[in-house]
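**Student:** Residue strings, one per chain:
There are 2 protein chains.
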Amino acid sequence: MVLDGLGGLPHPETEKTELETAQTPNLNSLAKKGICGLVEPISPGLTPGSGPAHLALFGYDPFRFTIGRGVLEALGIDFSLQERDVAARGNFCTIDDEGVISDRRAGRISTEKCIELCQQLSQIKVNDIQLLVSPVKEHRFVIVFRGDNLCPELGDSDPQQVGLRPNQVVALAPEARETAALANEFIGKAKALLANSYPANMVLLRGFSQYPHFPAMSDVYKVKPAAIVTYPMYRGLAKLVGMEVVDSGDSIEEEFAALTRHYASHDFLFLHIKQTDTAGEDGDFLRKVQVIEEVDAALPQLLNLQPEVIVVTGDHSTPALLKAHSWHPVPFLLYSQWCRPDDVVEFSEPACAKGSLGRFPALEVMPLALANALKLTKFGA
Amino acid sequence: MVLDGLGGLPHPETEKTELETAQTPNLNSLAKKGICGLVEPISPGLTPGSGPAHLALFGYDPFRFTIGRGVLEALGIDFSLQERDVAARGNFCTIDDEGVISDRRAGRISTEKCIELCQQLSQIKVNDIQLLVSPVKEHRFVIVFRGDNLCPELGDSDPQQVGLRPNQVVALAPEARETAALANEFIGKAKALLANSYPANMVLLRGFSQYPHFPAMSDVYKVKPAAIVTYPMYRGLAKLVGMEVVDSGDSIEEEFAALTRHYASHDFLFLHIKQTDTAGEDGDFLRKVQVIEEVDAALPQLLNLQPEVIVVTGDHSTPALLKAHSWHPVPFLLYSQWCRPDDVVEFSEPACAKGSLGRFPALEVMPLALANALKLTKFGA
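Just so you know, the protein sequences line up as chains R and S, in that order.
Quick note, this note's numbering runs 1 ahead of the 1-based positions in the first sequence.
Quick note, this note's numbering runs 1 ahead of the 1-based positions in the second sequence.
Be aware that a few hints might be false.
Calculated pairs, SDA-like style, for lysine to any residue (alpha carbon to alpha carbon, straight line, at most 25 Å) [to be verified]:
id: 1; chain 1: R; residue 1: 33; chain 2: S; residue 2: 323
id: 2; chain 1: S; residue 1: 17; chain 2: R; residue 2: 196
id: 3; chain 1: R; residue 1: 126; chain 2: R; residue 2: 196
id: 4; chain 1: S; residue 1: 275; chain 2: R; residue 2: 339
id: 5; chain 1: R; residue 1: 379; chain 2: S; residue 2: 323
id: 6; chain 1: S; residue 1: 17; chain 2: R; residue 2: 374
The following residues of chain S were derived to be distant from chain R, with all beta-carbon distances above 10 Å [unchecked claim]:
id: 7; residue: 169
id: 8; residue: 197
id: 9; residue: 264
id: 10; residue: 329
Away from chain S, derived, C-beta distances all over 10 Å, residues of chain R [said to hold, decoys possible]:
id: 11; residue: 105
id: 12; residue: 134
id: 13; residue: 166
id: 14; residue: 325
id: 15; residue: 358
Read the hints as simulated data drawn from the structure, not as lab findings.
Using N, Cα and C, we set each Cβ at its ideal position, and we do this for glycine too.
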């Protein structure tokens, strides 16, 4: 069970974090029976995005298993990417009469405006390539190039700086020359089409990428995994590592019901709680506390299933005080019949810091969980 | 001092591990004066075999310094392998009229029967190669091919699965073709010879390997090492890293006497206590407790020698509750005049979990021990 952005920072008045503030009798009792520690999602001091942080929890080294920005953005809107598609992240931006970028986000136009402009861009024809332009939010969109022999080895048109002209898209490999030409042709036509749409009078593209092929968890770990997730990007991530994404509902209550419904047919279940992170990002300390308490109250439903191994942690910290993801290591607890309990009796940052697992990398979570399920064979004789 | 399989799991009634249950006043007082931690033998979650686990303690990365199954089995029976020998692990097995394996272990024939059949197999002649077939236990034996130009780069004949025919031994490198032919010729002749020895009517070979050449501890660490060990496989391992294996007796008492006897002539002594692991493998919680207490009672003999550095740990955990090696990290203590003691006052899993060394990889043990002996020079200026 991953509570997104679980880790927090102490409230200045109470000196307690969100997790310390929450009443969590069920999590505390599980911590008492289990072993605890603090997880470093990626590397100490690094603030992780949710993509790499989850990959690490599932045992995929995020420095090796990378996901392009375009693909990640497409996963985030549940866009069904095909094998040969090339996706890029797009920004509507503002350029001046000289073609120099004056605002990389076109004054953060409304999402409605973005939808309207994306419909216009979808009219553009470039050779026999299919162009799929989908709005995300405000100035952000996804563009997918669909056709034969496309290659994502392309530089960005987005210089990520105002005061410069957009870059020509360059091929970073010989086989990408044709795709580079197509991208530049699209950008030229978009510029013409948007000429009168100030402030959104130009587009910037970056992160050209294709759907990556990661080894499936069923092959790597010989498990039959299910994902109970409510947000598009996490659905996409779960599919990337070969999980079956089951019907999960929208609320925490519905997710726990889905867990019970799909428990018997799988032997690895990933239950993702998004609301902790959302409350943290909103800077809403109290709402994050309440979400944690709601999860704690639902925990007995999970315990009733009597899994051999239970892991409760977060993918990263999202302290309400920072209103953002942070680098702080994340509370972790593991329970199994064979875990050799430590003396932690409470699920919180300071208590986990004293757990027998210490501070440890997220990549160790899967081997530890599988070992506790007695699923790993001996190394050497 | 390595207590094999030292780490344990709490007894369901007392909630104390073997080491926590044992009365160990001498180890506790050493823990109080020293620093403690938990060692990860190979990698978190991995259950180690004794071979790689010891190599790691001696500072040899077990992923890099590998020992073939055939060689390891030969070490285990104190077989004196020569430089160019190729050793393989053998199983007597049962095949049906179609040549399909129906039992990979030939119903676990008695060791007496194994000895008798190995004598028969020793009669086989294959070209001018010497064939040495030695019984191990029950259905297990070691075969050593001795002659010129042998190469161990061979596939297994053992498919490690019933319902299949034994594999032809294939050469995995061009220079192994001749050895593959010799191995297949031996297997053919063994099959003919065993035709009437049902259930042991066929042999399976795996892990063809040659004695590996590891750097000697005397070269790597500039020490003069001695090993006090009572079991063949550990003698073999100690020799592999260049230790002098001294006459050690059989009992724990005799081992401590050997330690005293050989102390002055060496400056690194490896004292191996096997009985903790044996009791753990037998699921005999109480006997493991007693072995630990016997070692604790003998400890003053070691302390009287006043070594500059004392390390007490295990190669891995063997909880009596699991009756097998396990992945759990292992209690560790180091004492020296220069160790900067922590506040651990007891030698046990939960106490070591709070030691200032934390949870750390076995490969760090040798540098730490040498540093505490003031034997390492400064890195950089």
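**Student:** Run every hint past the structure and note whether it holds.
**Tutor:** Consistency of the hints with the structure:
1. 33(R) x 323(S): At roughly 22 Å apart (the allowed maximum being 25 Å), residue 323(S) and residue 33(R) satisfy the hint.
2. 17(S) x 196(R): 76 Å, violated
3. 126(R) x 196(R): 17 Å, holds
4. 275(S) x 339(R): Within the cut-off at roughly 23 Å; holds.
5. 379(R) x 323(S): The given pair, whose Cα atoms are some 13 Å apart, holds under the 25 Å limit.
6. 17(S) x 374(R): 22 Å, holds
7. 169: Given that every Cβ of chain R is farther than 10 Å from that of residue 169(S), nearest at about 25 Å, it holds.
8. 197: 32 Å, holds
9. 264: 31 Å, holds
10. 329: 5 Å, violated
11. 105: 43 Å, holds
12. 134: At about 45 Å from chain S, residue 134(R) clears the 10 Å cut-off, so the statement holds.
13. 166: 47 Å, holds
14. 325: Holds, because the least Cβ-Cβ distance between residue 325(R) and chain S comes to about 29 Å, which exceeds 10 Å.
15. 358: The assertion about residue 358(R) is violated, with a minimum of 7 Å to chain S.
When each numbered hint is compared with the structure, violations occur for hints 2, 10 and 15.
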